[in-house]
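Undergrad: Sequence:
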Amino acid sequence: MGNFYQRVYLAVKKIPRGKVATYGQIAALIGSPRSARMVGWALHAMDGGKLEHIPWQRVINREGRISTTCLDHPPEEQAMLLEQEGINITKRDSAYWIDLDRFLWQPK
DNA sequence: CTTATGACTTTCA
DNA sequence: CTGAAAGCCATAA
1 MGNFYQRVYL AVKKIPRGKV ATYGQIAALI GSPRSARMVG WALHAMDGGK LEHIPWQRVI
61 NREGRISTTC LDHPPEEQAM LLEQEGINIT KRDSAYWIDL DRFLWQPK
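Just so we're aligned: the first sequence equals residues 1 to 108 in this note's numbering.
It should be emphasised that the hints constitute simulated quantities derived from the structure, not laboratory data. Since this is a predicted model, take the numbers as computed values, not measurements. Accuracy of the hints is not assured; some may be wrong.
Derived lysine to aspartate or glutamate pairs resembling EDC-like cross-links, with alpha carbons at most 20 Å apart [what the hints assert, rightly or not]:
(1) LYS14 with ASP47
(2) LYS13 with ASP47
(3) LYS91 with GLU52
(4) LYS91 with GLU76
(5) LYS19 with GLU52
(6) LYS108 with GLU52
(7) LYS19 with GLU76
(8) LYS13 with GLU52
(9) LYS19 with GLU63
(10) LYS91 with ASP101
(11) LYS91 with GLU77
(12) LYS13 with ASP93
(13) LYS19 with ASP93
(14) LYS14 with GLU83
(15) LYS13 with GLU85
(16) LYS108 with ASP47
(17) LYS14 with ASP93
(18) LYS91 with GLU63
(19) LYS14 with GLU76
(20) LYS19 with GLU85
If you anchor each label on the Cβ, the simulated ranges turn out as follows [stated by the list, open to error]:
(21) LYS91 with ASN3: 17 to 27 Å
(22) THR69 with LEU104: 28 to 38 Å
(23) GLU63 with ARG34: 13 to 23 Å
(24) ARG102 with MET1: 11 to 21 Å
(25) LEU100 with ARG34: 34 to 44 Å
(26) ASP101 with ALA45: 30 to 40 Å
(27) GLN6 with ARG92: 16 to 26 Å
(28) GLY24 with ALA95: 32 to 42 Å
(29) ARG102 with MET80: 15 to 25 Å
(30) GLY18 with GLU63: 14 to 24 Å
(31) GLY86 with MET1: 16 to 26 Å
Note that CB positions come from ideal geometry on N, CA and C, so glycine has one too.
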């Protein structure tokens, strides 16, 4: 496994409970602001086998929407996990939306 | 080595 | 406003 994945996981672990981050944010934290796609891919690759203790559900796209295309990850499950952390989820047109103004993680 | 792909983002028509 | 296209970069074949 590339070191890139480890950086992604490390950055994702830093997301505090009750907050969410975008793929772009994670990419920027690991030093590659243009590698948002790789962030998502890293999480996808991790899923199949062993889940580390990584809050992957807190990573969403820039619109504040759950953009999971992975059929193995029911968006409703991700939404449920987020709600358990106190994040308000709005369902609209078969997609789950998050209020970024309130729940977006803002690292110093 | 070259090509293809993707849990994204931004820009342009 | 909506939708299409290109840019990006690590991994796989």
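Undergrad: Please go over all the hints and tell whether each is borne out by the structure.
TA: Checked hints:
no. : hint                          : in the structure
1   : LYS14 with ASP47              : holds (18 Å)
2   : LYS13 with ASP47              : holds (15 Å)
3   : LYS91 with GLU52              : violated (28 Å)
4   : LYS91 with GLU76              : holds (9 Å)
5   : LYS19 with GLU52              : holds (19 Å)
6   : LYS108 with GLU52             : violated (25 Å)
7   : LYS19 with GLU76              : holds (18 Å)
8   : LYS13 with GLU52              : holds (10 Å)
9   : LYS19 with GLU63              : holds (15 Å)
10  : LYS91 with ASP101             : holds (17 Å)
11  : LYS91 with GLU77              : holds (13 Å)
12  : LYS13 with ASP93              : violated (30 Å)
13  : LYS19 with ASP93              : violated (23 Å)
14  : LYS14 with GLU83              : holds (19 Å)
15  : LYS13 with GLU85              : holds (15 Å)
16  : LYS108 with ASP47             : violated (29 Å)
17  : LYS14 with ASP93              : violated (31 Å)
18  : LYS91 with GLU63              : holds (13 Å)
19  : LYS14 with GLU76              : violated (23 Å)
20  : LYS19 with GLU85              : holds (8 Å)
21  : LYS91 with ASN3: 17 to 27 Å   : violated (37 Å)
22  : THR69 with LEU104: 28 to 38 Å : violated (22 Å)
23  : GLU63 with ARG34: 13 to 23 Å  : holds (18 Å)
24  : ARG102 with MET1: 11 to 21 Å  : violated (35 Å)
25  : LEU100 with ARG34: 34 to 44 Å : violated (21 Å)
26  : ASP101 with ALA45: 30 to 40 Å : holds (31 Å)
27  : GLN6 with ARG92: 16 to 26 Å   : violated (35 Å)
28  : GLY24 with ALA95: 32 to 42 Å  : violated (19 Å)
29  : ARG102 with MET80: 15 to 25 Å : holds (19 Å)
30  : GLY18 with GLU63: 14 to 24 Å  : holds (20 Å)
31  : GLY86 with MET1: 16 to 26 Å   : violated (33 Å)
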